[in-house]
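Trainee: Read off the chains here:
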Amino acid sequence: MAGIKTLADLKRKQEEVKTQIDLRDKAENPGSQVQVKVAMATCGIASGAKNVMDFFVRELPKRGIGAVVTQTGCMGYCFAEPTVEITIPGKDPIVFGYVDPAKADEIIERYIKQGELVDGIIPQNYNTITNTD
Amino acid sequence: MVDLAMHMMDIVQNAVRANATKIDIGFLEYSRDATLTFSVNDNGSGMTPETVEKLEDPFFTTRTTRRVGLGVPFLKMSSEQAGGSLKVVSSPGVGTRIEAVYRTDNPDCLPLGDLAGYLVLLLVANPGIRFSFRYKMDENEFSLDTGEWTEQGITEFSKNEMAPAVKEYIHENLKELYKNRNTESYLC
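In the order they appear, the protein sequences are chains A and B. Per our numbering, the first sequence runs over residues 1 to 133. Per our numbering, the second sequence runs over residues 134 to 321.
Where hints are given, some of them may not hold.
What the hints assert, rightly or not - Below, a list of computed lysine-lysine pairs in the DSS-like style, where the Cα atoms sit at most 30 Å apart:
id, chain 1, residue 1, chain 2, residue 2
1, A, K62, A, K18
2, A, K91, A, K113
3, A, K5, B, K209
4, A, K5, A, K62
5, A, K5, B, K220
6, A, K11, B, K269
7, B, K269, A, K5
8, B, K209, B, K187
9, B, K209, A, K62
10, B, K187, B, K312
11, B, K308, A, K18
12, B, K308, A, K11
13, B, K269, B, K308
14, A, K113, A, K103
15, B, K155, A, K11
16, B, K220, A, K11
17, B, K220, B, K269
18, A, K26, A, K91
19, B, K155, A, K18
20, B, K187, A, K5
21, A, K5, A, K18
22, A, K91, A, K5
23, B, K187, B, K220
24, B, K155, B, K220
25, B, K269, B, K312
26, B, K308, B, K220
27, A, K62, A, K113
28, B, K220, B, K209
29, B, K155, B, K209
No lab work stands behind these hints: they were computed from the structure. No experiment lies behind these values; they were computed from the predicted model shown.
Work out the full structure: start from the sequences and follow the hints.
Mentor: Structure below.
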């Protein structure tokens with residue numbers, strides 16, 4: 001496809017993906033979509049949260065998953081950045097730490113698609129890190 | 134923070150947290166006086182003069198999840214290291230303007246980084262906020278305004294499916310603009 005340089009190009013592209021968007025919006029109301037929140041405060045940005053968020057934004061529609069990807073501030077787990085909070089409809093939110101694109105892939109394939117828990121979950125009552133080794 | 138795009142993401146988060154509905158991001162590059170001015174204007178809750186004074190203190194933050202707030206101090210540090218300065222103007226109920234000046238004839242001037250990529254993520258993550266972005270380089274400029282996009286029928290710009298196209302649009306236009314850059318500038 002030719003490059004997108006003008007607003008007209010952008011509009012044409014919108015027409016192309018419109019059916020995809022409509023299909024998704026009709027099939028699922030927002031309450032039934034998976035919510036992905038990427039922590040994007042100073043600590044998250046500095047540890048590469050952008051690559052992780054890019055990955056979710058790019059891969060979720062490709063894999064046919066209706067999801068809302070947003071960003072949040074620091075959740076207080078600066079040591080484990082980049083962190084991602086995933087909420088599957090009807091389930092409690094789960095926070096994953098030390099997420100990189102490879103981990104994000106595992107989260108999509110195993111947790112979002114199959115509901116299996118994967119390594120890297122930060123328990124809710126986990127407030128401080130006392131011993132690193 | 135290794136580039137200006139990261140600072141942009143970081144500083145805009147502050148505006149988002151201040152419940153802004155309109156956020157204007159500006160990059161003004163002037164080769165004549167060798168400066169780059171990065172600014173973020175928002176119509177969020179604003180701050181009292183006392184709060185503004187405390188902003189540069191890394192141990193000041195309004196959040197409760199941790200006790201440090203490094204976004205603004207980092208921006209101040211990186212601009213001053215490049216011979217520039219930081220200015221914050223705010224008034225409660227009106228909004229905030231934060232402005233960082235970098236000297237582009239200083240080798241410590243930060244690289245711009247992936248402005249298009251970060252901007253797209255901001256659009257995707259905050260569909261309720263009207264963003265405008267302007268990059269002015271001497272007499273040339275590239276600007277966008279999501280409010281105008283909506284009026285012109287480009288309404289789905291915050292959808293995941295549109296993200297790659299929007300990114301390409303911004304990236305291509307910035308690339309075109311960057312071609313005009315003075316070769317003496319350290320900005321890249």
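Trainee: Does each hint hold? Answer for all of them.
Mentor: Going through the hints against the structure:
At most 30 Å may separate the alpha-carbon atoms for a hinted pair to count; K62(A) and K18(A) meet this at roughly 14 Å. For a cut-off of 30 Å, the pair hint linking K91(A) to K113(A) stands: about 14 Å separates their Cα positions. Taken as a hint, the K5(A) and K209(B) pair is broken in the structure, with Cα atoms around 34 Å apart against an allowance of 30 Å. Of the supplied pair hints, the one linking K5(A) and K62(A) holds, its CA atoms being roughly 23 Å apart against a limit of 30 Å.
Of the supplied pair hints, the one linking K5(A) and K220(B) is violated, its CA atoms being roughly 34 Å apart against a limit of 30 Å. The hinted pair formed by K11(A) and K269(B) meets the criterion: a straight-line CA distance of about 24 Å does not exceed 30 Å. Among the hinted pairs, K269(B) with K5(A) is consistent with the structure: their alpha-carbon atoms are about 17 Å apart, no more than 30 Å. With a C-alpha separation of about 13 Å, the suggested pairing of K209(B) with K187(B) holds against the 30 Å cut-off.
The hinted pair formed by K209(B) and K62(A) fails the criterion: a straight-line CA distance of about 40 Å is larger than 30 Å. The suggested pairing of K187(B) with K312(B) is violated, with an alpha-carbon distance near 40 Å, which exceeds 30 Å. Our distance criterion of 30 Å between C-alpha atoms is met by K308(B) and K18(A), whose separation comes to about 28 Å. Distance hint between K308(B) and K11(A) is fulfilled; the C-alpha atoms sit about 21 Å from each other, no more than 30 Å.
This hinted pair checks out: K269(B) and K308(B) have alpha carbons roughly 13 Å apart, not beyond 30 Å. Annotation: proposed proximity of K113(A) to K103(A) holds, straight-line Cα distance about 14 Å (limit 30 Å). A C-alpha spacing of about 23 Å is found between K155(B) and K11(A), which places the hinted pair at or below 30 Å, so the restraint holds. Of the supplied pair hints, the one linking K220(B) and K11(A) is violated, its CA atoms being roughly 38 Å apart against a limit of 30 Å.
Proposed proximity of K220(B) and K269(B) is supported: the alpha carbons are some 20 Å apart, at most 30 Å. Taken as a hint, the K26(A) and K91(A) pair is honoured in the structure, with Cα atoms around 22 Å apart against an allowance of 30 Å. Annotation: proposed proximity of K155(B) to K18(A) holds, straight-line Cα distance about 26 Å (limit 30 Å). The suggested pairing of K187(B) with K5(A) is violated, with an alpha-carbon distance near 43 Å, which exceeds 30 Å.
Restraint check: the Cα-Cα separation between K5(A) and K18(A) comes to about 19 Å, which is no more than 30 Å; the hinted pair holds. With a CA separation close to 42 Å, the supplied pair K91(A) and K5(A) exceeds the 30 Å bound. Note on K187(B) and K220(B): the hinted pairing holds, with a Cα-Cα distance of about 13 Å set against a maximum of 30 Å. Taken as a hint, the K155(B) and K220(B) pair is honoured in the structure, with Cα atoms around 20 Å apart against an allowance of 30 Å.
As the CA atoms of K269(B) and K312(B) are separated by approximately 13 Å, the hinted pair is consistent with the 30 Å bound. For the hint linking K308(B) to K220(B), the alpha-carbon distance of about 29 Å falls within 30 Å, and the restraint holds. Taking the CA atoms of K62(A) and K113(A), the gap is near 13 Å; set against the 30 Å cutoff, the hint holds. For a cut-off of 30 Å, the pair hint linking K220(B) to K209(B) stands: about 9 Å separates their Cα positions.
Between K155(B) and K209(B) the CA atoms are separated by roughly 24 Å; this keeps the pair inside 30 Å, and the hint holds.
Comparing the model with each earlier hint shows violations of hints 3, 5, 9, 10, 16, 20 and 22; every other hint is respected.
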